[in-house]
Structures are given as C-alpha cells and as structure tokens.
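Chain order of the listed sequences is A and B. First residue of the first sequence? That's 1 in the working numbering, and the numbers climb one at a time after it. First residue of the second sequence? That's 1 in the working numbering, and the numbers climb one at a time after it.
These aren't lab readings, by the way, just hints derived from the structure by calculation. There may be inaccurate statements among the hints.
Identical copies go unnamed one by one, so any copy, or any two together, can satisfy a pair.
[Said to hold, decoys possible] Calculated pairs, EDC-like style, for lysine to aspartate or glutamate (alpha carbon to alpha carbon, straight line, at most 20 Å):
1) Lys53 <-> Glu189
2) Lys89 <-> Glu104
3) Lys11 <-> Glu173
4) Lys53 <-> Glu173
5) Lys53 <-> Glu104
6) Lys11 <-> Glu169
7) Lys22 <-> Glu104
8) Lys11 <-> Glu96
9) Lys22 <-> Glu147
Owing to the predicted nature of the structure, the values given are computational and were not obtained by experimental measurement.
Protein chains: 2
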Amino acid sequence: MLELAILGLLKEQELHGYELKKRLVETLGFASGVSFGSLYPALARLEAAGAVKAVESRVAPPVPATGSLGGELAALRARKPVTRGSRGKKVYGITERGEQLFEELLAAETQSSDDDRVFNLRLAFARYLPPDARIGMLERRRAHLVERLIQLRVRVQAARDTYARSLVEHDREAAEHDLSWIERLIAAERAGRQPEPERRSPTTGATGAVSRIARHGPTISGLRPVHHPTSPEEDD
Amino acid sequence: MLELAILGLLKEQELHGYELKKRLVETLGFASGVSFGSLYPALARLEAAGAVKAVESRVAPPVPATGSLGGELAALRARKPVTRGSRGKKVYGITERGEQLFEELLAAETQSSDDDRVFNLRLAFARYLPPDARIGMLERRRAHLVERLIQLRVRVQAARDTYARSLVEHDREAAEHDLSWIERLIAAERAGRQPEPERRSPTTGATGAVSRIARHGPTISGLRPVHHPTSPEEDD
DNA sequence: AGCCCGATATATCGAGTCGATACATCGATT
DNA sequence: AATCGATGTATCGACTCGATATATCGGGCT
Chain A
1 MLELAILGLL KEQELHGYEL KKRLVETLGF ASGVSFGSLY PALARLEAAG
51 AVKAVESRVA PPVPATGSLG GELAALRARK PVTRGSRGKK VYGITERGEQ
101 LFEELLAAET QSSDDDRVFN LRLAFARYLP PDARIGMLER RRAHLVERLI
151 QLRVRVQAAR DTYARSLVEH DREAAEHDLS WIERLIAAER AGRQPEPERR
201 SPTTGATGAV SRIARHGPTI SGLRPVHHPT SPEEDD
Chain B
1 MLELAILGLL KEQELHGYEL KKRLVETLGF ASGVSFGSLY PALARLEAAG
51 AVKAVESRVA PPVPATGSLG GELAALRARK PVTRGSRGKK VYGITERGEQ
101 LFEELLAAET QSSDDDRVFN LRLAFARYLP PDARIGMLER RRAHLVERLI
151 QLRVRVQAAR DTYARSLVEH DREAAEHDLS WIERLIAAER AGRQPEPERR
201 SPTTGATGAV SRIARHGPTI SGLRPVHHPT SPEEDD
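Taking the hints into account, I'd like the entire structure generated from these sequences.
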C-alpha cells in the first residue's frame, strides 16, 4: 500500500523522503500523511528489493556563489559521514524492477482491512492501467459497496440509540453516494472515455439511469487530506 | 480507541472476546472488525489495569431442554441455534475503574491519525456525555471538517489527472455532506433535543439554512461495516 | 459407531505502522 | 551571533494486523 504510493510518485519524478511525505498528503490524499516511522523503513525495503535507488543528489555542490572562499568551508562541514545526521538529501528514483513491482501492486486484487484507502490509491493511478483492468477494478469496488450497503441497511434497523442511528444512516447515505459515483465512473469508462468533470446529476440523488442498485450504496472514501500548508518548494 | 469501544460495549452487557469482536463490527461500525491480535491484548491490558475483570462462566449448564416445559423433543429437533459450544469462555465485565476510564477516554480531545474513526466511535457513545460536552465534541469536529474542506478545495485545483480529479471532487462532495450533517446535529443539540430521523433536505445538496460554510465540507466517515452475517446469539 | 468438518473460542508471532523523539542543517528574524 | 522554525534523515516503543496454532463442541456422512 505505502509501497504502491511511493512507486507511483517516483514514476513521475525523483524525490527525497521529506518531499515524498508531503506529496503523499497533497497529491494523493493520505490522511494525516504517513509517519516517518513508516516512510523511511518502506523506502529502505524498496531499496533492498532493488525497486528504487538513491540518486546521488550532491546537494548544491560547494556553494553556488564564489567557488573559492565559501566553498572550502562548506566542503569541510559537508563531508560528514552519510550514515548519521548530516545533510545531503537522499533523492530516490524508480528502477526497472520498481516499474515492474508497481504494475503488480496496481493490478493486484487485495481485500485487506483498509480497502477504501487502497481503492482510492489505485484509482489515483488508474491511468497506468489498461481499460479492461480499470473496469474490473471498478466493478469489484462496486460489488464491495453493494455488499456493504446491505450490511448498513441491517445496522440501520438494529440501531436503538439516537446517535448511533443518525451515524449509521449518515454512513448509509455516504455509501449510496459512493456507489452512484462508482457507477458513473463505470458508465463513463464503458462509453467513450473521460468520466466527465463530475456534473451534478440532472434530477437529484437518484443516479438516474445507472441501476436501481444505486439506491443502496455504502462506504465512504478513505483517502482524505489533513491540513499542512506547505509551499510547493523546489528541492535544493 | 479499541479500549474505548470495548469498555462501551461492556458497559451495556458482559461479553467474551469472540462475541465482543462481533459486536464491534455489528453495533459499532468497525470496518473489517478488529483482529484477535489486537482484541485479546487489549483485553489483557484492560484487565491488568483493573478496568475489566473476567467473570468465570463455567461450562454450559447441564441440559437446557429438560428445564423447560415439554422441551425435550423440541430441543432435540431444533438443532439448538442458541447455546453454542460453551468452551472455557472468559466472560468480561466492566469494573468501577473501567467506568471511570471510559469517561476519560470518551471526553478526551485527541487529534490522532484516525480522527474519523474515533469521532464516530465517540458519537456512538454520545448518550453518556453531558449535553455541553456533546456540543463541544461536535463543534471540534465541525472545525476539523472546515479545515479539511479548505485543503480539499486546494487539491481539486491541483489535480491534473482525470481520475485524480474525479476522486478529489468526490471526496469534496462527501466532505460537504459530512459537514452539513454535523451542522444538523449541532442545531438539533442546541434546539430542544433529538436530531430528528435524518430527513432529506428540501432542495438538494445545498444544505439550506445551515451556514454557507457548509458549501465546503471535506472528509468522509471512517467507520463502516464489512460483511459478517452472524446470528445475534445469546451467551450461555 | 466412528470420523471428519465447520463454527466457536482463546492465544501468539512476525511484520508493518504510528507518534514521539533525537539529531542535524539551513534561512530568517531579532 | 543567536535563537527559532522549517527542513531533513533516522530510530524506538507501543500497538495493530493477518496468519496461524490449539482446542472443543455439534452435526453430517458413510
């Protein structure tokens, strides 16, 4: 899951850990943005597997200005061992093996606990999938949502407490919304192409022509952002 | 988080681990229902802390059939859907200390990663909170959602890929839905009482009179069910 | 009768994640 | 020049997950 996200981001551009973390929050929708305690070990695993490699970034060689005076001092300070502390960002790039691993992870049909997060992540990288795989993924998601909706319906009946009922009903509504969204995506995929810029359906929440199963759609999203007002800084 | 859920369930009824797990999925909305690898250690921690204690529930009392009127034949034919294998179950009950701990956990103002799940959990137990604490909780949630919506707005702008954009816009819509829901809960709480049985707003998704901030609400739910068609069995 | 199967039930293990923290450097403000 | 906050890499302890081990019960099968 984290591996897939990392590889997907590195596919587009070489990045170092800190920047990677920011992108996980900003461009993918990682809630509360993955901790360093997960990210760095994950990068280490990927590196050990040969999926990514550290591209010597040689942070701003010996000072941009005056190649002489300032540079010498800077060089002295900067030669610290790369093992601990010391600056010198480790910029990672994806390898041939990494591209391969990405394909595998993207196409896999997991059914883990955080299904929602994984689905959203895959959808974010859907452009790398062949059209039929895309539809397969969406259909599986749809089936999952239908299943979930059925369970939510049961829970709505069972809820005795006022708050619990309100909560479950809200979840059910969110689920219906999710399902109709997925069905719109599937329809768009089967038809020509482009899912259309998300227009409100003409009537209301009825999903219109999609299928009456849309009347019961469970689930929610899974990926969501958290604050983090970082400026899109250039590295170095 | 798990502790809060366990204590909340044990407050209502004594339960053993296996049953507890089922309830976490069925009555609280625990997605993919907490693994035993989390549940049993959590119970052990709570027991060590004196918050719960095992109530020895000796093996099933001898013969359920004879005790009741004309039940012998009926019991034989009826496959006994109740009274399942009563092995050496450890039935847990909440203690005085546990009630205390429950109050603390419920009232705490965390800000962890899985904010959504924790909020939903707390809301499910909102009946145990005094009215003002309830409103405080809802207001904090609202603030959180507003913040998130702002971030989602930014992300919608930044999304270049078709799929990514569709995903973010869907998240934004779900967030708006969430926010208007919370605002309805707050309004209901401030007014007399009872949040009203979740009626569709008159127009569409406009949220109506709540507040124009509702036009941007991020997030999703967090708690959701997974299948699991278990029968509501009685214990011993 | 015997025997295996699936549900019930408790428990542990390895791997992965989180939140906190340590350590270090850079760029601003003061 | 000194402090402060952002940037940056890395590790630690506590916790969770998914898989697995173990055991008992109720029934179905031949």
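Checked hints:
1. Proximity of Lys53 and Glu189 under a CA criterion of 20 Å is satisfied in neither setting, with 36 Å inside one chain copy and 55 Å between copies.
2. Neither within a single protomer nor between protomers do Lys89 and Glu104 lie at most 20 Å apart by alpha-carbon distance, with minima of 29 Å and 43 Å respectively.
3. Taking CA atoms no more than 20 Å apart as the test, Lys11 paired with Glu173 passes in neither setting, with 36 Å inside one copy and 29 Å between copies.
4. In this assembly of identical chains, Lys53 and Glu173 lie within 20 Å of each other by CA distance neither inside one copy nor across copies; the values are 45 Å within and 39 Å between.
5. When the C-alpha separation of Lys53 and Glu104 is checked against a cutoff of 20 Å, the pair qualifies only within one copy, where the shortest distance is 19 Å, while the shortest distance between copies is 47 Å.
6. Neither within a single protomer nor between protomers do Lys11 and Glu169 lie at most 20 Å apart by alpha-carbon distance, with minima of 41 Å and 24 Å respectively.
7. Neither within a single protomer nor between protomers do Lys22 and Glu104 lie at most 20 Å apart by alpha-carbon distance, with minima of 25 Å and 34 Å respectively.
8. In this homomeric assembly, Lys11 and Glu96 come within 20 Å of each other (Cα to Cα) only inside a single copy, at 10 Å, whereas the closest approach across copies is 56 Å.
9. Within a single copy, Lys22 and Glu147 get their C-alpha atoms only as close as 34 Å, which misses the 20 Å cut-off; across copies the closest is 17 Å, which meets it.
Of the hints listed earlier, those the structure fails to meet are numbers 1, 2, 3, 4, 6, 7, in rising order.
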